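S.K.: Produce the complete structure using the sequences and hints provided.
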Amino acid sequence: MHKGLPFYLTFIFYVVTNAQDTTEIKTPSQDAIYTRPFILEVNKLSTSIGGYFEGNSNYFSEDGVSEGLSFELRRFNIFLYSSLGSGIKFLSELEFEHGTEEIALETALLDFQFAPQFALRGGILLIPLGMFNQNHDSPRWDIIDRPFVSTQIIPSTLSEVGFGVYGRFTLERYLSLTYSGYLTNGLGDGVILNSEGRTFIPSGKREEAFEKDNNGLPSYSGRIALQHSLGELGFSIYHGVYNSFRIEGVEVDEKHKLSIAALDFSANLWDFTLQGEAAYSKIDVPENISEIFVNKQ
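According to this note's numbering, the sequence shown holds residues 122 to 418 in order.
To be clear, the hints were calculated from the coordinates, so they are not data collected in a lab.
In this text, all values refer to a predicted model and were calculated from it rather than measured experimentally.
Each statement offered as a hint is correct.
Pairs of lysine-lysine, DSS-like flavour, derived with a Cα cap of 27 Å:
no.	residue 1	residue 2
1	K378	K417
2	K417	K376
3	K378	K333
4	K378	K326
5	K333	K376
6	K326	K417
7	K378	K403
8	K403	K326
9	K417	K403
Now the in silico label distances, taken between C-beta atoms and shown as ranges:
no.	residue 1	residue 2	range
10	T291	F192	43 to 51 Å
11	S169	E293	28 to 36 Å
12	G370	S187	54 to 62 Å
13	T394	F356	19 to 27 Å
14	G243	D392	38 to 46 Å
15	E408	S350	47 to 55 Å
16	S316	L338	20 to 28 Å
17	P407	L194	37 to 45 Å
Heads up, the beta-carbon is just placed ideally off N, CA and C, and yes, glycines get one too.
M.R.: Written as structure tokens, this is what we have:
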């Protein structure tokens with residue numbers, strides 16, 4: 122256990138060109154995936170390539186002991202986009218984290234939009250859980266570390282293979298309702314079987330999840346939101362069985378479920394933008410470890 126409180130001093134600088142719109146932080150969550158500066162023509166036949174990289178320096182000191190100054194290239198991302206026809210769009214994102222320590226295909230999806238109110242989506246999807254997971258590109262934020270609620274409870278960036286629907290209904294001139302719902306290969310046994318020795322939802326992400334589900338029961342997620350020119354209010358859920366209770370058709374364990382609910386908001390007030398999200402998770406932990414592993418966060 123560490124005594125005292127850590128103190129962080131962050132310096133931020135910008136290199137601004139015509140490729141970066143500094144107002145993008147106000148982008149509604151559902152629209153964020155296509156509201157990127159490298160996508161110039163959304164409704165016409167076009168193909169484009171974009172990306173960004175993020176670097177920072179660190180100087181840590183705790184109880185008078187310092188590890189000195191170091192530099193980090195946190196991530197380097199490449200985007201590919203193509204408009205294949207009327208209402209047919211393809212988007213992918215390849216991410217290199219910490220140099221080449223981690224390489225991940227974060228997004229690879231195909232959209233078929235029949236109307237603003239209804240569209241089909243399939244592939245490697247960004248789960249619509251909270252506001253940040255779908256709108257996490259670093260150039261949009263004035264911070265270098267992602268919020269704990271978006272990394273410890275909502276395991277951002279959370280990408281899973283599956284399909285679903287989404288759409289938008291215009292209620293009034295400045296007010297609209299958006300929805301999305303997906304079935305995907307869910308989180309795995311790592312939620313409790315991990316090197317952390319505790320309940321840790323981010324460890325439930327698996328590379329094998331892009332190939333198959335670990336228990337044959339897809340997880341489901343969804344989000345509804347009210348969007349206004351002054352801001353956005355959203356509610357989202359994620360639910361599924363996370364453990365491998367069945368092996369080669371034989372049930373070897375009980376089903377253990379995981380649920381996450383999130384509430385997010387944004388408000389544009391004059392020259393200020395106020396944003397936040399809160400999440401609550403409930404994990405069905407086996408009885409034999411329930412005394413040392415938490416079941417609520």
